[in-house]
Every structure is written in structure tokens, then in C-alpha cells.
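Participant: So the sequences go chain by chain: A and B. Heads up, the first sequence is in the numbering used here, so the first residue is 23 and it goes up one at a time. Heads up, the second sequence is in the numbering used here, so the first residue is 23 and it goes up one at a time.
Incorrect hints may appear among the rest.
As the list claims (entries may be wrong) - Every beta carbon over 12 Å from chain A, so not counted as near; a handful from chain B, in silico:
| # | residue |
| --- | --- |
| 1 | 64 |
| 2 | 72 |
| 3 | 73 |
| 4 | 100 |
| 5 | 156 |
| 6 | 183 |
| 7 | 185 |
| 8 | 187 |
| 9 | 223 |
What the hints assert, rightly or not - Label pairs and their computed distance ranges (CB to CB):
| # | chain 1 | residue 1 | chain 2 | residue 2 | range |
| --- | --- | --- | --- | --- | --- |
| 10 | A | 113 | B | 148 | 28 to 38 Å |
| 11 | A | 222 | B | 160 | 30 to 40 Å |
| 12 | B | 86 | A | 148 | 43 to 53 Å |
The set of hints was computed from the structure by calculation and includes no laboratory data. Backbone N, C-alpha and C define an ideal beta-carbon position, used for all residues, glycine too.
2 protein chains.
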Amino acid sequence: MAARRSAPRAEPARLRLDVDERRRRLVALGLDLFSSRAYDDVSIDELAEAAGISKGLLYHYFPTKKDFYVAIVRAAAEQLLERTGRATAGEPMARLRAGLDEYLHHVGAHRRAYTALLRSGVGSDAEVAGVVDETRAALCARLVEGIPTRGALVPVALRGWIGFVEATTLEWLDGRREAAPDVLRELFVDVLVCAIESAARRS
Amino acid sequence: MAARRSAPRAEPARLRLDVDERRRRLVALGLDLFSSRAYDDVSIDELAEAAGISKGLLYHYFPTKKDFYVAIVRAAAEQLLERTGRATAGEPMARLRAGLDEYLHHVGAHRRAYTALLRSGVGSDAEVAGVVDETRAALCARLVEGIPTRGALVPVALRGWIGFVEATTLEWLDGRREAAPDVLRELFVDVLVCAIESAARRS
């Protein structure tokens, strides 16, 4: 407090930076922890211990475990969107395929977290559900960029297609169905083209 | 107790019947309540009051609110399967269309319950999730009965298609997308045919 008072104008910016940087590091740590384990399996005690800070300090950055989790889900969503958006050149269909490959690769590398997010009760929390819905919409828009999607029913078909991709991916990640990622990707492409065509025709 | 002891063989059967009948009536009441309201919105107190029994007696039939809810979800699943299985005659594609019509009609009439079941945290409870998964599989098997579904990848595509139908239906029930039920149904049929064909080709 004494130090802060002695330099009132310079300190707040530096302090804020520290806070942001610490939050960023905590989120990175959380991404790492939650990539292999489900929300309920990781306790605040364990998170604090892994971060090398007290539980009290962790609560200072994130008032609740859910706040922390929401920040992590947002970060994970950004990672996924960043990865699936890498292929910006080429034909729409080639970019769609590249995006789907990245998607399958990314969720495969974060199997537990992705499965838990889409299946767990936390996923039904309004805030988490909001992030998931926004991510779905952004991912879908990115994947179909450049593909003609005119017709009132087409957004319905696109939402359905995301449901198709998610349901299939969850089964595949569970190991309940064996399929090579490129075979799954081609199934997704076929169904997308068909769903858009059908919806456009029936709009 | 005295009456029970005086007729030891006759009483248990009658008592059991009463218990089954009371459970059945409670489930019917629950189906009614949960058809328009979500799990978290209905308290045990309210359920007991609506049933005209004490909370203690309700707990006698269903030890927890979740047990009660699971019984209701099972009953709802049976209703849905019974409705969608009514069309047993005719061509496979005609039966598929009739089944999808029944499905859309049924979930439309139980909008809140269906939406809450597939979205809420309760849906992620292992027991409820088990009932939902079994119902999905049974519904899907019934809908595609008689349609050729050979190929290792076809079950994956069918699971994906259920995801397509559910995602689309949830948006439609939310009122976020306007579409006539028969247009939705035809979209479902188109996507199913395409998904099965693609999966069979790529198996």
C-alpha cells in the first residue's frame, strides 16, 4: 500500500499488466489441465497447487471455479477457431476440408475436455452454453465461407450439420466407432453439401 | 400390521398392486408437469402437493427427485417410441416419414420437457443419459427399419443423423427458426439418405 501511494500514476498500469499476465498464465495452466480431465475431476485446491499460488489468490483472479472454467472454455474456443481458420487460401471446398481436418485433429488432442464440455452439466450452464453456441456459429461460418448458402432453411440445415459433426465426433472420440479422420471428414463434406442443397431447394 | 398378519398371503399382492398403481399415477402426473416445465423449475413440494400426498410419501415411492425424474424420462421415452412406431405398414420410406411426423408432433407437444432434457444438466446425469442414449438408438433403429444400412461407417452416419435431427429440432422448438414440420421432415429424409449413401460408399 505504501509503495502504491508513493507512485500513484505509474503503478496501476503495471499492476494491471501483472494481473492480466497472471490471469493469462492461469488460463494456460487450466487449458492444460482440462485438456485431459473433466471439470468435476479437477478441484480448486489442485488448480491452486499446480499454479503454485494460494487458493485465496486463485479466487482473487477468478471468484469461482466456474468463472475460471468459463475463461478456459473461451480460450479453448479461440484456439479452435484460430486453428480451423488457418487455411485462408484456396477454393471454398478445399478450405472446408482443411478446416475439418484441423477440427478433428484439435478435438482429438483435447479429447477429454471436448467430450466433457459437450456432455457435462457444466455445458448446460448458461454462460458456458453461450460460449459454446457462439463458437459453433463462428466455426460453422468459417467452414462454409465461400460456399453458396442462400435460402431461408439453410441456416437450419447448417445448425443440423453441426449437430451431425458433433454427434459423430463424440462417438469417434469415445472410441465407440473406428474411422480414419479423413473418412469422417469426407462424410461431413458429403452431408454438408447434401443438407445445403436440400435446404436451398425446400426454402 | 395387524390386518397384514391376519391375511399374510393375500395382502402382499394387493399392496404391491397399489404401490405400482400409485407409482404409475405419480409418473403420469410428473409427465404432465414436466411436459411444460423444466426439471429445476418443479420442486418436490410442488409435486407432492399436485399429487395430493405428503412429501414423505412421495419419497417413499421415489427416494430422490432424480429417481422420480428418471422414471418420468423412461415413461416419456416409451411414449415417444410407441408413437413413432405406430406406422408399421407400408414402404420403409413411407414409414420413416410417418415416424418423423410423429416425432416432430410429439416433441412439439412436449417442448419444454424435450428441450430441457437434451440441454439441461440433468441430461448429463449418467442414468438419464443412459435412457436418452437407449431411446435414441431405439428410435433410430425404428425409423430406418427396412432401409438398407450396410457398411461399417453407416452406424456412425446414423448417429450423426440423430445429431442433425436433434440440433435442428431444438432450434425449431426454440422458435429461433421457422419451418413447417413437413419441410423439416423432408430435410431429415434427404440428409438421412445422403448420409447412409455416403457412409456405405466410404465403408
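Participant: Confirm or reject each hint.
Facilitator: We went through each hint and held it up to the structure:
For residue 64 (chain B), the shortest C-beta to C-beta distance to chain A comes to about 17 Å, beyond the 12 Å cut-off, and the non-interface label holds. Every C-beta of chain A lies more than 12 Å from that of residue 72 (chain B), the closest at about 26 Å, which supports listing it as non-interface. No Cβ of chain A approaches the Cβ of residue 73 (chain B) within 12 Å, the least distance being about 27 Å, so the stated non-interface status holds. The Cβ of residue 100 (chain B) lies farther than 12 Å from every Cβ of chain A, with a closest approach of about 23 Å, so its non-interface assignment holds.
The Cβ of residue 156 (chain B) lies farther than 12 Å from every Cβ of chain A, with a closest approach of about 14 Å, so its non-interface assignment holds. Distance to chain A contradicts residue 183 (chain B) as a non-interface residue, since its nearest Cβ pair spans about 7 Å, not more than 12 Å. Not every beta carbon of chain A lies more than 12 Å from that of residue 185 (chain B), the smallest distance being close to 3 Å; the non-interface claim is violated. Non-interface call for residue 187 (chain B) relative to chain A: violated, since the shortest CB-CB distance, roughly 7 Å, does not exceed 12 Å.
Not every Cβ of chain A is farther than 12 Å from the Cβ of residue 223 (chain B); the closest lies at roughly 8 Å, contradicting the non-interface assignment. Against the hinted window of 28 to 38 Å, the Cβ-Cβ separation of residue 113 (chain A) and residue 148 (chain B) comes to about 44 Å, which falls outside the hint. Distance hint check: the CB atoms of residue 222 (chain A) and residue 160 (chain B) are about 33 Å apart, consistent with the given range 30 to 40 Å. Separated by about 25 Å at the C-beta atoms, residue 86 (chain B) and residue 148 (chain A) break the suggested range of 43 to 53 Å.
When each numbered hint is compared with the structure, violations occur for hints 6, 7, 8, 9, 10 and 12.
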